[in-house]
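S.K.: Sequence:
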Amino acid sequence: MKSYFIQSIGYGMLLFILAACSKEKYVEPTASDTAPALVTNVVIEPLPGAAKLRYTLPDDDNLHYVKAVYEIRPGYKREVIASLYTNEMIVDGFPEEKEYSVDLYSVSYGEKQSETPVTVSFTPKASPLVEAFNTFKFEETFGGVSLSFRNSGGASLAVAILTPDSAGRLSEVETYYSKAVEGRHAVRGFPSSPRLFAAVIRDRWGNLSDTIEQNLIPIFEEEVPKDRFKGLFLPTDTYEPHAGANNTLDKIWDGRIAPNGGVPIFHTKPGAGMPQWFTFDMGRTAILSRFKLHHRGPGASWAYQQGDPKRFEVWGSSTPPDPTGSWEGWTKIMDCNSYKPSGESNPVTTEDITYATTTGEDFIFPDNPTPVRYLRFKILETWGFVDYIYITELTFWGQMQ
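32 is the number that UniProt numbering gives to position 32 of the sequence shown; each next residue is one higher, with no gaps.
Think of the hints as simulated: they come from the structure by calculation, not from any bench. Just to be clear, a hint being listed does not mean it is correct.
[To be verified] Simulated crosslink set (DSSO-like; lysine-lysine; CA at most 30 Å straight-line): (1) K137 to K125; (2) K52 to K67; (3) K378 to K226; (4) K179 to K292.
[What the hints assert, rightly or not] Here are the computed distance ranges between Cβ atoms for each label pair: (5) D335 to A167: 41 to 47 Å; (6) E328 to G168: 44 to 50 Å; (7) E328 to P191: 39 to 45 Å; (8) F220 to R256: 23 to 29 Å; (9) T34 to P298: 16 to 22 Å; (10) L380 to R256: 23 to 29 Å; (11) K77 to G153: 21 to 27 Å; (12) K137 to T40: 43 to 49 Å; (13) D210 to K77: 21 to 27 Å; (14) G271 to E328: 38 to 44 Å; (15) K125 to K230: 40 to 46 Å; (16) D165 to T40: 55 to 61 Å; (17) T116 to D165: 49 to 55 Å; (18) R54 to K77: 18 to 24 Å.
Glycine is no exception: its CB is placed at the ideal position from the N, C-alpha and C atoms.
With the sequences and hints as input, model every part of the structure.
M.R.: Have a look at this one:
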């Protein structure tokens with residue numbers, strides 16, 4: 001009985017403490033609840049497409065938070081809330097370099113806000129949307145057009161690429177999403193004839209740029225068929241597969257691309273050393289315009305990590321290579337540096353994975369290349385600084401000879 005009495009007292013004290021804590025954290029709205037006093041001494045720091053507001057909070061126990069209400073374009077209002085534990089907030093989403101107004105309200109625990117706000121006005125710096133629009137470039141490339149723009153703040157932007165459809169109406173063919181500081185992308189698959197290309201840039205608040213238009217002629221190219229590709233296993237090459245026969249050299253031209261993994265890839269043995277190189281015969285001579293490297297998927301585990309090639313050279317020849325494996329007769333066609341959209345020092349993002357494993361990374365050969373039939377890839381460095389490599393697929397385009 002005594003034990004039960006002591007337990008009852010303990011439970012009672014616990015309930016009292018919990019009730020007291022609960023009472024401290026929640027203020028019950030009352031009929032006498034009044035709107036708090038307003039903030040004062042507002043200082044404005046213009047930012048790209050935004051502004052930082054600093055202010056003095058009122059000495060008012062009824063203040064719960066400060067609310068900013070403003071319009072970023074006609075009919076589109078935004079609200080930003082800052083708690084009573086800070087004396088600043090950032091208001092953003094402004095698409096233009098012009099004067100905007102922001103109303104600052106003080107709000108009570110009972111959700112009563114001041115009837116008359118403190119209104120401040122300012123002109124933000126050029127927004128990421130404006131910066132991207134002002135630096136946007138279209139350029140002719142093989143089979144289509146390439147685009148580039150500057151996005152120094154790494155803002156989330158979407159670029160809709162348009163071109164006339166069969167009825168002559170501008171129609172969206174692709175949307176490119178990017179947070180890259182240097183946005184770049186290519187849209188391909190068009191014949192080598194005059195064509196209008198257009199683009200509209202959109203930010204995460206739905207603000208739109210003006211339409212960018214340009215008439216361009218895509219450079220003629222065709223895919224080099226892979227039916228005659230074969231490996232040349234020279235004495236100095238690295239081609240022995242890692243973990244069995246499924247990771248052989250021929251997997252890079254088997255046409256099987258799986259961003260989520262599940263297909264064989266070319267994977268050399270760990271411990272093979274760096275640099276390392278492999279050689280193959282395309283079976284026909286071509287003036288190459290570009291090639292696409294599909295990185296290994298799934299991207300979260302492999303792209304831009306471990307044995308994924310980062311820095312490498314491409315060598316070519318129109319005559320059969322020296323059977324001893326020397327570099328005699330080879331000409332270096334280009335130096336390649338793999339591109340990671342989010343930046344080298346950042347974690348691998350969804351955009352990185354899509355670019356590397358689904359879209360595939362394009363490498364453009366220099367102008368006026370010589371015809372080649374035999375190719376040699378010399379890997380100098382991998383993303384993970386390891387001594388083995390893996391590649392899912394290589395695809396080449398150009399003009400057959």
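S.K.: Hints the structure violates: just list their numbers, smallest first.
M.R.: Numbers 6, 9, 14, 15 - these are the hints that the structure violates, sorted from lowest upward.
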